[in-house]
Every structure is written in C-alpha cells, then in structure tokens.
Amino acid sequence: MNAPLLCCRGLEAGYGTSRVLFGLDFDIRAGEVVALLGRNGMGKSTTIRTIVGGLRPQRGEIVFEGRPIHAERADAIARLGVAIVPEGRQCFPNLTVHEHLVAFAARRNGVAEPWTPARLYALFPRLAERADHLGNQLSGGEQQMLAIARALSTNPRLLILDEATEGLAPVIREEIWRCLALLKAQGQTTLVVDKYVERLMALADRNLILERGRITWQGSSAELDARRELWGRYLGV
Amino acid sequence: MDAIFVFEQLLNGLGYGLMLFLIAAGLTLVFGIMDTMNLAHGSLYMAGAYIAARVHEASGAFALAVLVAVGVTVAIAAVAEFLVIRRLYRRDHLVQVLATFGIILIADDAVKAIWGVAPLLASTPAALAGPVALLEGLPYPSYRLLLIGAGLTVALGLHLLVNKTRIGMLVRAGASNRQMAEHMGVRVGGVFAFVFALGAALAALAGALMAPISAVQIGMGEAILIPALVVIVIGGIGSVRGAFVAALLVGLVDTAGRAFLPPALRAVLPPAVAADLGPALAGIAMYVLMAAVLSLKPAGLFPARG
Amino acid sequence: MSLFRAEGLVKRFGGLLATDHVSLAVEAGEIHALIGPNGAGKSTLVNLISGLLPADAGRIVLDGVELTALTPHARTRAGLARCFQISSVFRNDSVRDNLLLAVQAQAGSSFRCLSRRDAEHALQERAEALAQRTGLAEVLERNAGTLAHGLQKRLDLALALAARPRLLLLDEPMAGMGPEDSQQMVALIRGLAGETAILLIEHDMDAVFQLADRISVLVYGKVLTSGDAAHIKGHAEVQAVYLGTEVAG
Amino acid sequence: ADIKVGIALDLSGPFSALGAEARDGFELAIEKLGGKLGGQPAEFIRSDFGGNPEQANQLVARFLQRDGIHFFTGPIGSNAALAVGPALFAAKVPYLSANPGPSAYAGEKCSPWFFAQYQNDTYDEAAGKVANEKGYKNVLLIAPNYPAGKDHLNGFKRLYKGAVKDEIYTKLGQIDYAAEIAQIRAAKPDAVFFFLPGAMGINFVKQFVGGGLEDIPLIAPGFSADEDVIQAVGEPMLGVLNTAHWTHDLQNPANAAFVSAFRQKYAGRYPSVYAAMAYDTVMAMDAAVRDVGGRIDDREAVLKALKNPSFKSLRGEFQYGANNFPVQNYYLREVGKDAEGRITNKLVGTTLEKHQDAYVGACRM
Amino acid sequence: MPERFPGLARRLPWLVLALLAAFPLLAPALGLEYYVGFVRRVLIVAIAASSLNFILGYGGMAALGHAGFIGVGAYTVVALVEAGVSSAWLAWGSAAVLAGLFAAAIGAVSLRTRGVYFIMITLAFAQMLHYLAVSLRTYGGDDGYGLYTPLALGAWLDGAHAQVFYWVVLAIAAAVFALFSRVAHSRYGHALRGVRDNETRMVALGYPVYRLKLAGFVAAGAVAGLAGGLLASHNAFVSPSIMHWTQSALLLVMVMLGGAGRRWGAPLGVALWLTLEEVLKLYTDYWHWPLGLLLLLVVFHAPQGVAALLERRAGQEGAR
Ligand SMILES: Nc1ncnc2c1ncn2[C@@H]1O[C@H](COP(=O)(O)OP(=O)(O)OP(=O)(O)O)[C@@H](O)[C@H]1O
Ligand SMILES: Nc1ncnc2c1ncn2[C@@H]1O[C@H](COP(=O)(O)OP(=O)(O)OP(=O)(O)O)[C@@H](O)[C@H]1O
Ligand SMILES: [Mg+2]
Ligand SMILES: [Mg+2]
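Residue numbers (the numbering used here), protein chains in the order written: chain D, 73 to 309; chain A, 5 to 310; chain S, 1215 to 1463; chain E, 17 to 381; chain C, 19 to 338.
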C-alpha cells in the first residue's frame, strides 16, 4: 500500500518528570482509519497531544508525509493538514458557530469534495440552527458537534478524534459513525479514540491497544474481534 | 439656556465621546479583544504625541507628522512586543499590569531624557486652526471635526476588522484559547504581534491627533489611560460596539454634568451648597456612571464573553 | 408526596426558549434519569434547579420547602447538591484538600478563622471516609488536576456527596469514561440510592437503563414523556428523536 | 563643616515641568557662586520627591536627621510646602520657599523660619486690578474645583470691582474644555480670568482659541501663562495678560545678568518665574551666610540676616512683612514676540506697588 | 513553607522581629537615626500591603482601590483631630472601623463583578473618594492637613521613649502579620482560597461565597484604614495624594513584587520597593527606570515574586 502518512518511532513523552509514553512505534497509512484503544489513563490523549504538537516528545520521532514534525510547533503541524477534535471540545467562547467554521477553513489539493460550511451544516443541522450563537452558549453536545465540524473545515489529511462521540445523544452518535464511514470511503485518513469499542472496530482498519504507555497489541478489526480475551484485559469491557 | 446652546453641548458631548473612543480604540483592540492588559498603551500614546509634535514643528506638515508618528511608534511597539509583550500574552492580567507598569516607568524616564520635562509645543495645523459655522450662531472648532471624523472612521474600521474579517476571528480565538487556536493552524504569535502593532498605531494616531488640543508632556499617557479603561469596561470588555457606545455615553454624561448640573443645582439648592456640589459631582460623573453600570450589569453594557 | 418537585420552570436565552414550562417530580430514594437530544435543555434545567441560573418563571420544592427564592449555596445547604458536566474540582489542590473543603462546607462556620483547619480531626476523618467510599483513598495526596479523567469525575461526585444531599443532580457523570470506569461509576451511583434521590443526566444508555427507576425525556425544552425503561425503549418518538437504532429493545 | 542645603525637587509628578525650571535656576546660582555660600564651602543635596507631599515629608526627614541641613528649599506645590513645614520649623531650619506661598503660612500658621517670595493670591489680586484698569465690567472666572482654585478666584475678586459674570469650576486634570467654552461663548463676558495650572491651562488655551473665542481677552495669574505654558501653546497664547512679581525683561542689573547667563546656559530659552525664584533663593542664602560671617550654627543670627536681605534680588527692591512674606511690586505682562520673533512674556507695567498680602493680619509671630 | 529547613524557618520571624525591635536603640550609635523613621514607614505600608495580599493572594480579589481605604483611615484621624480628639488609640481604632464600613459598602457593590471589572470598579470608588478629599475644604483639600500635635498614646507610653510610636507600629504590624498568617490556615482561609480557585464549585458546595469575599474585603479595608491612620500620624500630615490611583497601583505592584499569596510577600515587596526608591533617588534624577526594569525582571524571572524566590533558595540549601 501507500507509504505511511504518519510514522511514530520510539516515542516517549510525559508531563514534567512523570513519563506517560514509553517508546511507541506505529504507522498510519494514507486512507487508513486507525483506532487507538485502551483503558482510561493509559496515554491515548497523551499520544494524540504529542502528535499534534501540544506536548514535546522527550524522545523518539514523528514523521508526517516524510518530514519530521516532532520539533515543529503546533500551528505548523496543523497547517500541514493534521486536525484534531480534542478531548473536552475546546470551542472558542467568543466565536460564533459560523465563525468556527470559516475562520480556520483551508483548502488542500487532493480533496475531492472539500468541506464547506454548507456541507457541515448539512451534516449537523443543529449547528445551522445555532449559527449565530457563541461557542459558550451551546449545550455540551452541540459543542461536540462544533468541534468535529471545525476540524473538518480544515479539510485535513489526517483527522484525529479524541472521544468525539462523548456527550452526544445516541442518534447523533450514530450520525457521527455514519459520517466517519463516509469520510473513510472518501479516503480520509483518521486516528480515532473512542469508548464505543464495537462501533470503532466496525470502522477501523487497524487497532492499536495502549497499556501503560506501550502498544501491547495491534492488528486488524477482525483479529481483535476474534480475541475477546484482550477486551477484558486491556479495554475493561 | 436656548436650544442652540443645548444642541451645542450635545455636540460637544458626542465630540468628547468620539475623542475618548479614539484614545480607547487601540486599547480596546489589545486589551478588549486580545485580552492583554497593556498599561503602556498610554506610553505609546505619548510617543505618538511627542513625535508628531516634533515633526510638525520641524517640517510644518501635519499629515506627514501624523504618518511619521504612527510609523515610528509602531516600530517602537514592535521592539517592545518582541522583547517583552509577547511573553505576557499567556500570563494573567495582574502580571501584565505589573510588567507594563514597569514599561511606563522606563518610558517616562526615556522621554524625560530625550525631550526634557517641559511640555512640548504642538500646534494646530493652520488650515484647521479656526472655527467653522455649523449653524447660524454655532461656530465649531474645525479641528474637532477632524477628530470626530477620525473617531468615527476608526470605530467603523475596528468594528469591521474585529467582527467581519478572518483576522478578527483568529485574534479572538487565539485570545480565548491559544493552544486550541494553534491546533487549528493559527500562527497566534504572528497574529498577536500584528494586532499589537495595530493597537500601537491607533495609540499613536490618537496621540498625534490629540496633541494640538492638549498638553504634550510626560504623564499625558497615564492621564488618558483611566478614562480609556473606564470606557472599555463600561462597554463590556471585548466589544467594539460596547466601547463605542460607552465612549459616547461617557462623553455625553461628562459634558452634560459640566454644562447643566451646576446651573440645575443652583436652581434647587442654596447657592453655597450648589457651588460645592455641582462641580464635585461633575468631576466624578464618569466614575459614578461606571459604578452604576457595573452594579447593574457586572460585565458591562455589551458583555462579549460569557 | 414527592421528595422534589419542579413546577413550570421557564428559561429564555434571548429568543431561545431553552426550558419551556417544565414540571418534574423526583421521589424519595429514586434514581430519575433525564435524557434527551443535545441542546434539549437538560443542563439548563439542572442549572435552574441548583440555582446557578435564575429561572424566568416556575418554582421548585424540596421536601415541602420552597427553594425558589434561595441563593445557590443556600439550596445546597437545604439538601440539593450537584455535579458538573465538565468536572469542576480544585485543580491545584490535593484530593485531600478538595475533600476537606467540601466537608468543611457541610460542617458549617466557614468564618472560623483562628484555628488551623488541618488540625481538625473530625474533618480529616470525614474527608478520608469520603475518599474511601468513592475509591479515591489511593490518590488522596495527588493534585486533583493531574488525576485521570475518571478519577476527576469521581472526585467531582465526592465533593457533591460531602453536602449529604437529599437530592443529587448528576450531569453526565459517565462522560469521558471507558467501559471499566463507567461500570465502577454505575456501581458507585447505585450505592448511593439508599441515602439520596438522584436526578441523572446521561447519554450512555447502558448506564441509564441499568440505573434509572424512572426516565423522563426532554425535547426542545419540554418533557416529552416519562416512564420506566421499557416504556422509553418502546416509545417511537423517543426512538426517532433520541435513541436511534443503537438501543433497539 | 560644610554648609548643607537640602533641595527637594519636583522632577517627576504633576509639577515636573516647573520643577525642572527651578532646578535650572538653582544650578545656575550654584555655578555662579562656585558651589559656595558666603564664601564657605557648601553642599547642595538635591533629590526628587515626585510631587508627592508624603514623599516630600520623608525626604525632609532625611535632610534633617541624616544630613543635618542648614537651609531648605525646593518644592513647587503648596501641598508639599505645608507638609514639610512643621518638621523644618521645629528643627529651626530656615525654609526659603522657591515658589509656594500658602495662605496658612502667611496668616495663622506663620513661622519665623519660613520665607516666601510671594503669597499665592497676590498674582490674582494684581490680575483683578488689571481687569479694573482695562475697564472690564463683566469677567468670567474659571478654575479647577479644589480649594486652591477657589482661593485664587477669591484673590482675583479681592481687588476686582466689576461684576463676576460666572464662576466655572472644572475638574482637576480635565482634558476637554468644549463644554466650558460653549458656556463662555453663551455668557459673552468682557474677559476671562483663568487659573488652570500645568496641563489644564495648556489644554484650555489651545481649545479656547480653536473655538473662535480669540476676541475675548484672557487674564491669568503668572503661573498660568509662564514660559513653560507659552512654549507649549505657541501662537494661541499671544495677547494673554498675566501678572507676576518678576519678569525676564525687568530692568535691573542683577536681572539682566541672570537672564543672559540663563539664556546662554540653556539654549536661548527665557527663564520662567520658577527659575528666577530658585536663583534668588540661593542668592538669599549666600547673603545670609556672608552677613553672619559664616557662623552658620547661630540660627537666630542667620534668621535675622535672612529677614534683612542684603543681596540684589532679581525682582528689584523688596522687604519682608511681619509674616516673612515680601512687600513688593507686581507687574503686568503680556504674551508677545521678542525681537527674534520668539513668543514670550513682555513687561507692560507695574500693577501693584509695594503690595502686601491679605493674610498678614492673622499672623502672630 | 520551606519545611526542609525547619529550625530556621521557625526562628527567622522571631529573629527579624527582635532585630526590628532593637533597631531604634542601636540606630543612634550607628548613625542611622533617620532610618528609624524610614523603617517605621515601611512597616506601616507593609500593614496595608499585607491586607491587600490577603484579599489578592488568598481571595483572588485584585482591588485597585486599596489606597482609598488608607485614605479613609487617614482622613478619619484628621476629622477626629479637627474635632478635638487627642487619643491615638481612639483615632486609629476609628480609622479601622470607618474604613471597614466603607469597605463593606464598596465591597457590597464591587463584589458582584469579577476580574477586570472588579479591578476597575474598585478603582472607580477610590477615585470618588480621592475627588471627595480634594474638594473637602475643611480638611485642606488638595493642600492637605497638617497634624501639628502628635496624638497621645496614653499616660505612661508617651513619656517613655522618643521611639514609642515606632514600637507601637512594629507591634501592630507583627500582630496583623501573625493574624493574616494564621487566618490563611484556618477554615476561613481555606474557603477563601477555594473561592479564588473555583468560585462556581464553592457555590455548589454550599459556601456563602459572596459573604466570604465580603468579609475578607471588609477586614482588608479595615486593616488598610488602620494603616492609613498610622500613616497620618507618621507623616503628621494627610493629603489626598495618599489615595491617588497610582498609590493603589503601587500597593498592588509591591504585593506582587514580593509575591501575592505568599506569607512573606507583602513585607518583602514593600521593603524592597521603598528601599530601592530611597536609594536610587540619592544617586540620580532618573530613578524610575531601574524600578521598571526590576518589575520586568520579576515578571520573567520570579513570577511568583521575590518571596517565592527566597523560599526556593532556602529549600535548595536545606536539601544540599
Ligand atoms: N496535564 C497533565 N499533567 C500531569 N499528568 C497528566 C496530565 N494529563 C494526563 N496526565 C496523566 O497521564 C496519564 C495518561 O493520560 P491520558 O490523558 O493520555 O490518558 P487517556 O488514555 O487519554 O485516558 P482517558 O480515557 O481518561 O482520556 C494519566 O495517568 C494522567 O493522569
Ligand atoms: N448562556 C446561554 N446563552 C444562550 N443560549 C444558551 C446558553 N446556555 C445554553 N443555551 C442554549 O440552550 C439550549 C439548551 O442547552 P443545554 O445545555 O441545557 O442542553 P443539554 O440538554 O444539556 O444538551 P447536551 O446534552 O448536549 O449537554 C441549547 O440550545 C443551548 O444552545
Ligand atoms: Mg483521553
Ligand atoms: Mg448538557
């Protein structure tokens, strides 16, 4: 298949003196959907933070489209086409919904059908109703939708979702899964963290299981499905 | 007290309000929108006034003086931004107060060393020195019309910039959650530097334009800082519209207080009391207004952030 | 008579009617779940009940006592405690200090200002007991801000429990938790059922159906229907606007 | 031991421009005397106190306790003078004011240790007389709303015989005067008397003329129309009438020498009344030391020498009244242009002769 | 607190106190008489700063009008003296009480706002007080009011020693300081810090947040008023300039220089700032910019203030 879009080698990271990640090695190939699994506190968000430049790795390297990015600043990494839906949404309190969708919009070649505000509103009609509301005037779920739409508005090469279905009503959750499947069909490369393991498996090409800052298992969804003992051990299900 | 007089005083109030807005504009941008408390804004205002006064005196060309003042002040501000301010964006307001207070102390001594402590000559451009007749029996200083025009232009420009342009959105995003804005690809450092420079340009513009009708001297920056802050706070921090409305309100209240309050009190109170009370009340009108607004609306008239 | 009643609560945000004359009752000892689409007004309702937002109309009554006119903190003292959708703890303090602050509020006289608080054994003991109950005993000395998400949520709950509430308002306690933590939280909440009634907002349907004695569905600021799990699962409209296909019977 | 002089300067704060003028005057005098007083080696200890009376207090404590000064001078503001006086008087250190002459020290709280150069209201009294002489029947008065402002207006009214059209009190530190100017235009007075020190005066005159009221004559006490204000306002100041006890074109040899030395040292600038008073102050000390033959520690003798000054004052002849406030002439000045076209004050004539302040009667000394 | 150096940490305050107490007796021998007055002023300002530190550092209330309360205290003394009162205790006590009352009224309105709005509304009230004082003719207006005869401390104290006032100030400062340190660790102190860190949560926990804050604000106002009363006696003079907004700003600056919320922050900040001011003025007319530079240095290299820097030093040495 294609050369890896993202490549992590020997990644070590942590907060202050405490180490959280101990030598992660993994690739994400273009067009692939990769699920990052693991129980709470195992370092999933930390991994993501390290990739997007929110946290400087203590050791190891991250290569995106052939260029090392582990020393880059967060904004530079984002402009290369890495978009994140962060844990806790982090909508901008003083931007309206509509502004969230136009302020960071970027076009990238190679995207067949770029996301426009109109398409994003079609995806989340609720946001269209709230277009003039400020980020802090939204309900929790509305903020979550906005965070996803905001990430999509940059038409990213690599989309990273950290618990993106958190706080969403079941119907909307369904909607998100459908949407991610659609994106996958369009060739969107995605890294997902979510607690709904079964739904994730249905979507992902490959799964990584993180246990105390180490990747203890990786494989296809079919393989994971077959090895239920992993679920109890590493996923707490 | 005839109608024309009342009308004239209203006009004076609006004019003063627009002057206040002009002075507060740069601060609205840097403090209100970018959420950075820059007390040294007054120093930039002073720099603008001093440079404009000197250039005008030397060259006789007022427009040139204003341009040079804005240019040089922006250059000074860029250096200050690079050395100090950019390290402050992420810190809390009090720390910003502390650091920029430090800059004021340094700036005042620097101005003293360069130009001395005596107030500088700053004359009105000859073409605008006299009054024009707005109405029969209502002469109005033509230079003030220029200030009013400048105030309105800046207000409109600022409103469009902040609310209608992408850079406005990026500034607001960066100010409220810098980390997230960076994750969205915004060069927050660059955007902030640009906005700070713009704020400095507005400060310098205000200083240069105010120089001909006010004293150009050390401390002039601190003297306008408080009214400018009052305006921003009454309007609601982060709202250009709020600052604009508040500036007009303060201008009107202040002017009305000075023009109508003493005679009104004289009509109802014993002369001795009225003579003491009237001017005293007029003097603190701005602060009373602020305290009243904030006790009713704790986040100003147009709260922009929730 | 119900332990708690909200009657005709109304909240407008500008033109938006976020809470549209909502009436709701919670019985003593009951876990009452409140579900509904995003933006239906669930958190708003909790904010109205806890007093963080002033209601435009309506009244609330706890145990026969009208609380409508009380300030938020007085409502807590009257037996109405809450958790937050985004956990709200004292991030720079240790878990112990967090808990101490909570039990101290309950112990009253926060204006005592000359004796060392940390030397008060009664407070320390209560804090430790609380930590024990909520599974925070191991992390007592850790800074709350560095705790994993699930533990922070638990701390958030522990802080609310310190007030010994009669009615506990939980806004998405399971949010951001993995299956394991969720299960623990479910167990924890179930363990509370005896001592306090609970109004639970949650989008995790597994948890809701496991816990709730009764479920009310809020849509566009109005209560659509109320009933037990079976009733809700079978309700066509609820399925359409909220449950979707995820929970099919 | 050296003779020690404590000089408290206003080099920052509200009076810094005037403080700098005074400093230049002090320096010129010290230079002229070669750093000595009455031929004795002297030390001049100068320090800025930022225009804040509390800090002035602190500084004077230092002068008294640490440095053991023999003379004190310096502050521009009346508030500082009032703050530091009691400590100096108690320590029996002569305070030669280089500017303020507060009414308290002229009257009730007068002290043998305090020597003034004028009483604060006397300029206004002279201005009131000028208004009479010019035949103004309806004068409008304007001053900041604080007791000193009212004192100055009262001073004006003391000798002024016409009607007061209106009294306008503005707020301290006011920037915009449009409302007041509109009131003045509506009132149509024969003249406007303004006491607006510092930046307020600069703002006011600039806006007054810009508002098209240049036909209404402006009268002011000297400090509202001195060189500092004139240099900052420029053309609009032309024609402003003001009164003072000294002016740079006053004809006497001492003054001529002073003015030319000053202009030489300070780039052609004309000295203001503050510079002149500072210079005179040092000269008064010099004469007193000489008169007591250097026996500086004989405080009473020094006091006596100060009371009967033997130096040639820049203002010409004067004598101290019973309250140590001078009995002297006051002059009318008008802002005009000198031979080189420079805008400056010009002497018009003598308004009050051998004038004494109004408070002397209250002084029991 | 640097527990790693327990002996010194516990003894140091007593050592400092003893030194300060002995200072007036030693000063004449060392030729430092003037500095007795200077230290007295530092102590008085430190009292005011401690009270600001209490609400700022522990309560998160950044009041930019604290000089207003100092002014109220000072003018209370003036008013009482004008009315013929001569007892220092009565005058200072009234200063504290009246300033506390003003703080209650001002706080009741101001504490409805937060953040910058709070900064500005406290400034507004202080400005009103300032203008009021400026226009008060009876008390001299802008010219100020001289207190020509010192207030009486009571029969045996007055005659005891020339420096009795110094010791009184020292005792009050020590008491205020000890009181605030103690309160910081009490239930109330913890509650106040909770309000600073997460006000919404404190409400939900059942704390009467507004009253907690108001109580702190009133206490701080009263202590500032007391300092104002002492300052009036110290200067034997009061003028509106003691409540000019720059004085409020300076007080904030001194507290933050020392370290807001630090036990030693306020006195350290005050001592450092006033000493530098005093010393720099001896050598140059341009004495502002070094202070400005100092502020920048503190902001970037000791963001928690000088006190934190020293604590860290002490901690490191202890570890070594
Ligand atoms: N800002 C921080 N400072 C210190 N430690 C942190 C910080 N953020 C996370 N940690 C710690 O790092 C470890 C990994 O956290 P991380 O958030 O990456 O886990 P996660 O797998 O995403 O878990 P969750 O499912 O709870 O989101 C946890 O033990 C957590 O306590
Ligand atoms: N401060 C506010 N100003 C304006 N609108 C608001 C404000 N707070 C909430 N809203 C609006 O009120 C509606 C109800 O919000 P609420 O937070 O109660 O929803 P919710 O039911 O809790 O949703 P979720 O499940 O997504 O958390 C939403 O549409 C939201 O946009
Ligand atoms: Mg995570
Ligand atoms: Mg919600």
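One or more of the hints may lead you astray.
Quick list of in silico lysine to any residue cross-link-like pairs, SDA-like style, CA-CA up to 25 Å [what the hints assert, rightly or not]: (1) E/K353 - A/L132; (2) E/K204 - A/I118; (3) E/K181 - A/F9; (4) E/K150 - E/D265; (5) D/K256 - D/T188; (6) E/K125 - E/L363; (7) E/K353 - E/P269; (8) E/K153 - E/K353; (9) E/K204 - A/D6; (10) A/K301 - S/S1216; (11) E/K281 - A/I118; (12) E/K328 - E/L363; (13) A/K116 - A/L132; (14) E/K281 - A/F9; (15) A/K116 - C/V186; (16) E/K181 - E/P233; (17) A/K301 - C/G133; (18) A/K301 - S/L1230; (19) E/K108 - E/E316.
Hints are computed from structural coordinates only; laboratory data are not their basis.
Bear in mind that the values here come from a model prediction, so they are computed numbers and not experimental data.
* **Which numbered hints fail** => 2, 6, 8, 10, 13, 14 and 15
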